[in-house]
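Participant: Chains as they are written, first to last, in the numbering used here: chain P, 174 to 591; chain R, 174 to 591.
Just so you know, the hints here were simulated from the structure itself, not pulled from any lab data. In this text the structure is predicted, and so the values were computed from the model without any measurement. For each residue, glycine too, the CB sits at the ideal point set by N, CA and C. Careful, some of the hints might be misleading.
Stated by the list, open to error - Covered by chain R, according to a simulated footprint, are these stretches of chain P (three or more residues, beta-carbon under 8 Å):
(1) 200-206
(2) 356-367
Said to hold, decoys possible - Subject to a maximum C-alpha distance of 30 Å in a straight line, what follows is the list of computed DSS-like cross-link-like pairs (lysine-lysine):
(3) 377/P - 405/P
(4) 360/R - 225/P
(5) 545/P - 225/R
(6) 559/R - 493/P
(7) 280/R - 258/P
(8) 280/P - 259/P
(9) 324/R - 351/R
(10) 414/R - 217/P
(11) 375/R - 350/R
(12) 405/R - 263/P
(13) 278/R - 308/R
(14) 351/P - 409/P
(15) 573/P - 360/P
(16) 493/R - 451/R
(17) 280/P - 377/R
(18) 493/P - 450/R
(19) 414/R - 225/P
(20) 559/R - 225/P
(21) 225/R - 324/P
(22) 545/P - 451/R
(23) 359/P - 208/P
(24) 451/P - 493/R
Number of protein chains: 2
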Amino acid sequence: MKKKTSEKTAYLITIGDELLIGQVIDRNSAWLADKLTNLGIKIKKIISVQDKQNEIINALNEGLENADLIITTGGLGPTIDDITKKTFAKFLGVNMVFNADFFKKVKEYVAKRGHKIDDMLFNYSHFPEGVVFLKNRVGSAPGMMFNKNEKIIISLPGVPPEMKSIFSEEVIPILEKKSNGYYILKKTILTAGEIEAALAEKLKDIVASFPDNMSIAYLPNLGRVRLRIMAKGTNKNLLEKQLNEYINKIKEKIGEYIFGYDDETLEEVLGKILKNKKFFLATAESCTGGMIAHKITSVSGSSEYYKGTVVAYSNEIKEKLLAVKHETLEKYGAVSEQTVKEMVTGVLQTMNCDVAIATSGIAGPTGGTTDKPVGTIWLAAGSKDKIITKILHLGDNRLKNIETSTVYAIDLLRKFLQ
Amino acid sequence: MKKKTSEKTAYLITIGDELLIGQVIDRNSAWLADKLTNLGIKIKKIISVQDKQNEIINALNEGLENADLIITTGGLGPTIDDITKKTFAKFLGVNMVFNADFFKKVKEYVAKRGHKIDDMLFNYSHFPEGVVFLKNRVGSAPGMMFNKNEKIIISLPGVPPEMKSIFSEEVIPILEKKSNGYYILKKTILTAGEIEAALAEKLKDIVASFPDNMSIAYLPNLGRVRLRIMAKGTNKNLLEKQLNEYINKIKEKIGEYIFGYDDETLEEVLGKILKNKKFFLATAESCTGGMIAHKITSVSGSSEYYKGTVVAYSNEIKEKLLAVKHETLEKYGAVSEQTVKEMVTGVLQTMNCDVAIATSGIAGPTGGTTDKPVGTIWLAAGSKDKIITKILHLGDNRLKNIETSTVYAIDLLRKFLQ
Chain P
174 MKKKTSEKTA YLITIGDELL IGQVIDRNSA WLADKLTNLG IKIKKIISVQ
224 DKQNEIINAL NEGLENADLI ITTGGLGPTI DDITKKTFAK FLGVNMVFNA
274 DFFKKVKEYV AKRGHKIDDM LFNYSHFPEG VVFLKNRVGS APGMMFNKNE
324 KIIISLPGVP PEMKSIFSEE VIPILEKKSN GYYILKKTIL TAGEIEAALA
374 EKLKDIVASF PDNMSIAYLP NLGRVRLRIM AKGTNKNLLE KQLNEYINKI
424 KEKIGEYIFG YDDETLEEVL GKILKNKKFF LATAESCTGG MIAHKITSVS
474 GSSEYYKGTV VAYSNEIKEK LLAVKHETLE KYGAVSEQTV KEMVTGVLQT
524 MNCDVAIATS GIAGPTGGTT DKPVGTIWLA AGSKDKIITK ILHLGDNRLK
574 NIETSTVYAI DLLRKFLQ
Chain R
174 MKKKTSEKTA YLITIGDELL IGQVIDRNSA WLADKLTNLG IKIKKIISVQ
224 DKQNEIINAL NEGLENADLI ITTGGLGPTI DDITKKTFAK FLGVNMVFNA
274 DFFKKVKEYV AKRGHKIDDM LFNYSHFPEG VVFLKNRVGS APGMMFNKNE
324 KIIISLPGVP PEMKSIFSEE VIPILEKKSN GYYILKKTIL TAGEIEAALA
374 EKLKDIVASF PDNMSIAYLP NLGRVRLRIM AKGTNKNLLE KQLNEYINKI
424 KEKIGEYIFG YDDETLEEVL GKILKNKKFF LATAESCTGG MIAHKITSVS
474 GSSEYYKGTV VAYSNEIKEK LLAVKHETLE KYGAVSEQTV KEMVTGVLQT
524 MNCDVAIATS GIAGPTGGTT DKPVGTIWLA AGSKDKIITK ILHLGDNRLK
574 NIETSTVYAI DLLRKFLQ
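Pulled out of the complex, with its shape left as it was, chain P reads as follows:
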């Protein structure tokens, strides 16, 4: 019988009592599952187990029997409840070995921070024999890779930024090399400014014409909807052609809402536009409370085009730092089209910039009136010559309102610039 070229499979095992008493939501598994699906690997099961050696070993054995790859997260820290390393040694039937290099490095790391905890670090510097280290660029605990029965077992720390960094920079290249001729190609179209149901209605004819090996999923999240298009099969070139053809059709239909693809963020896209145009940006925030500034400055290199924000949480500051007229605030209120327009003009002048974004609204859950209920949010974006505005009517969840209006506000300037 001809060997079937098929999907590789994986088990995810998350380790930690905190998961089983409901103290921590297992966000790592969904992140890993998404990345592994992108690599054409099918997750068969996700298991969360206690910090107990026999429970961990049972889950590892089950994974070894049923999948090609096992990834565990959690339990790699220096304290006594972190038993993953010892458990791996037992599972693999090897000894724990002292790693002098690691000990030296981690001692320096801790010493720099003014601590001295040698005993604990000595234990922390023991690893199962035969481990292949996966470099951790964010924290001190390295990832570990092992082989057993020709299967790959990878152990990552549970702290999300460390897990993500090791997976992206160390694990993905290894898994890509081991791919076996079956492909799941995925492209994600990023949209902002239109709801899921309306996008689906606009695309229904295109989606109905998809061939059997293609599928679409709508992933809405606070002002944005991601459209994930997948194509599966063994001929990579053909799949790429197929994917591009349908993505072009979708682009023709809903292009105005598309701000980017795959892992791009709205703030990165805006940053590129500003850099190309050599424009300087300033922001003036009320209800978004610094979230727009945070998003923009989360992009490395943003100081090349961003000068800063004034978060004006009181009318006094709106007048003093953003030159909003006292009469405007009196007549129209802080949450008004007139106020956000003046905030744009004011911050452009104060910060000596080319373009600006401004927000003012009632984030909630309290503070609404009959005229302006909670969730009423005014946005403005523009230059000294032209300002465009938008009003949002959102719900009463404070954080959701802050995040959604941040997305719409950044997207408003993107549209203004295009």
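Starting from the structure of chain P, add chain R where the hints point.
Facilitator: Coordinates of chain R only, in the frame set by chain P:
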């Protein structure tokens, strides 16, 4: 032999392909685990499986063997990929039975919304023989309860508000009746400003003296470490006394790092202190880029004590809006103790506030020098009479640096005020 009064145990099984491709984060399990822990029931394992009959049945059999209670979520909807009900019938060895009452009700429910999908609803109205219904006050799919081998098996919908409503109003009363007087009490101590390993070192004698029924876990996350203390047993009053006694010992030892307990956040705690003192706060941010403002304004009611922030991403803005002296920037640089001190003084004046926080640093990943490598961050907090400062030496992950220094900066003002 006397029957031991011991913990009841549970398995949670979440059903759905969307979990295994990373499209949905499994938040239901953490919610259920928290509620079950409060009822004195220990979760032994959480398993996420695909919408496949044999995978679901394997997980159910494993749960039946190892726990007293199984709760599943997901797969109860009317569409063809919702196979949970049929799978339960097979697992229990019973037939699917048509429920005329349910069919009538659900037909009315759907008709009211203008749909007509009788075929689908006819199938949807079949249930495994012997089911005990658990009323769904939020949606149409009822929860189901079964018994097998004297164990309880409960199946709930995956939609969170429906799952939560059925669990709170139907399942909790049933489980409370079956409770056998065993308790798990937990308290979480929230700390900031010290790393996990150093806290563990300081507490090692106290932890070594814990009685057998008590345990501690360290949960670190970007500048904060949560310490979760648990006590298990049958005498609730005694457990409470025990827990308080050890928490007091821990407080004596590391009190300076403790900012709160359980679900409190650092920004909520700071907000309460400011409100009590009737102080107004302003912030002046460089490297944190608006993250401090965002954290503070994420607290509802923060406008009562927060006036705003100036994010000064350029030296020009630091001079113009924060009155940092040109000579200071020339002589010491933007990332210096002198600059953050002047930022505090400047923003206090500009925003007419009582206390302020300032940050300036190199968030990275680029922009470092030999003198001031990436991750060098200066923080200041204080009033017009006194300013305290702190320097951080972090890594080169931009987002981690922003989040960690935000936590340390807010904590610096908390310490200043105490």
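Participant: All hints, please: hold or fail.
Facilitator: Status of each hint after checking the structure:
1. 200-206: holds (count 6)
2. 356-367: violated (count 0)
3. 377/P - 405/P: Cα-Cα ~21 Å, so holds.
4. 360/R - 225/P: Holds, because 21 Å separates the two Cα atoms, which is no more than 30 Å.
5. 545/P - 225/R: Cα-Cα ~49 Å, so violated.
6. 559/R - 493/P: holds (26 Å)
7. 280/R - 258/P: The hint is violated at about 56 Å.
8. 280/P - 259/P: Holds: residue 280/P and residue 259/P sit about 21 Å apart, inside 30 Å.
9. 324/R - 351/R: Measuring from Cα to Cα gives roughly 11 Å; hence the hint holds.
10. 414/R - 217/P: violated (45 Å)
11. 375/R - 350/R: Since the Cα atoms of residue 375/R and residue 350/R sit roughly 43 Å apart, the hinted pair is violated (cutoff 30 Å).
12. 405/R - 263/P: holds (29 Å)
13. 278/R - 308/R: holds (13 Å)
14. 351/P - 409/P: Within the cut-off at roughly 16 Å; holds.
15. 573/P - 360/P: holds (27 Å)
16. 493/R - 451/R: Given that 30 Å is the threshold and the Cα spacing comes to 29 Å, the pair holds.
17. 280/P - 377/R: holds (19 Å)
18. 493/P - 450/R: Judged against 30 Å, a Cα distance of about 25 Å means the pair holds.
19. 414/R - 225/P: Given that 30 Å is the threshold and the Cα spacing comes to 28 Å, the pair holds.
20. 559/R - 225/P: Measuring from Cα to Cα gives roughly 50 Å; hence the hint is violated.
21. 225/R - 324/P: holds (24 Å)
22. 545/P - 451/R: Holds, at roughly 28 Å.
23. 359/P - 208/P: Cα-Cα ~11 Å, so holds.
24. 451/P - 493/R: holds (22 Å)
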